[in-house]
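Between the sequences and the hints, there should be enough to build the whole structure, so can you do that?
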Amino acid sequence: EYIYHEKLETLMQVPMTIAVQSQEDRTGRGGDHIPFRENGFTAVRFTSANEHGDGSPDATYTDRQHTSDDVLGVDTDGDAIIDSFFVSFTYLQRNTIINGTMAALGGLAPPVPVWELIDDPAGLIVDITEPLEGMEYRVAVRTGGSDLWEQVYRTDTTWFIVPGQEAGTMYFVSVAAVNSDGITGLFSREFFKTSDATTESAPVDDLAFAFNCDGSQINNQQNISTIELNIYPNPSSGSAVFSWYWPEDISANQVTLWISDLRGNIVDKETWHLVAGQQERTYDGRLPAGIYNCTLLANNRVVAVKRWVVQ
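Positions 1 to 311 (the numbering used here) are the ones given, in order, by the sequence shown.
Calculated directly from the structure, the hints in this document are not laboratory data.
The beta-carbon is built from N, C-alpha and C at its ideal position, and this holds for glycine as well.
Take these hints with a grain of salt, some might be off.
[As the list claims (entries may be wrong)] Distance ranges between label pairs, derived from CB positions: (1) T143 x V44: 21 to 29 Å; (2) Y245 x V114: 54 to 62 Å; (3) E280 x Q311: 19 to 27 Å; (4) E38 x R286: 34 to 42 Å; (5) A19 x G285: 45 to 53 Å; (6) I34 x Y232: 42 to 50 Å; (7) N179 x R286: 28 to 36 Å; (8) R263 x I118: 54 to 62 Å.
Pasting the structure below:
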């Protein structure tokens, strides 16, 4: 949440509200984050607050709640191509930006500090026991009545008296490192103690949250979207020849064919050595009758897509 609010929210065309819930997941549900947490890895479930359907207990109620019979959309004009989708791609775009930013900053961020929460007569003190060279630290504080941090402070010291304490109040404290680029690392697990003293207040963290993207770049990739994939015969009984022409000026060592059903499940894969010029590869797999999407990939990019009918 703090990454989104500090790094992205002001840059988003459509800002999103992110809420933190105390439960690990919704009642009776589970996500991919749980086994990571069970094995000691920091993990977060990022999900839409509003799913398709209202969860009515009526026996005739149906919805699309991430079950095995979910489909991406429907074909409304009978041409075997989905043209009405059950997903908002603008919403998916916003989610992708948030997740991508979190992953990128997580990879660039400093490690989690090693520290202790000292219960001192002068108040609760953060003691960084293994200082990180060239780092500052962010100290997040909340009381037991809140799931969210109520204050976040910044310090360049390794011995920090938590400001704004009230004697007799329990505080939950977490610490993260901040590198010279202003990137905040993952916050540590929380420690909690009851303060024995009232301490003076202090300004909350005034870190310049926005980051400069001028130095970021994406390498310009060759445009290989003009590859035309042919399948013959099409329709076929399950065996077919895949052919395409590969230009000499585009370098790649191999291509991979993905064959997927209309639910998006990959049912078979083939990888072939690639040379320039006209290519033909025979696929001898036996697939059940149906309609399949055939995707050709090179250099980890989709270069061609073709619909294949198996009778």
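Hints, one by one, checked against the model:
no. : hint                    : result
1   : T143 x V44: 21 to 29 Å  : 23 Å, holds
2   : Y245 x V114: 54 to 62 Å : 58 Å, holds
3   : E280 x Q311: 19 to 27 Å : 22 Å, holds
4   : E38 x R286: 34 to 42 Å  : 40 Å, holds
5   : A19 x G285: 45 to 53 Å  : 47 Å, holds
6   : I34 x Y232: 42 to 50 Å  : 47 Å, holds
7   : N179 x R286: 28 to 36 Å : 55 Å, violated
8   : R263 x I118: 54 to 62 Å : 56 Å, holds
Violated hint: 7 only; the structure is consistent with all others.
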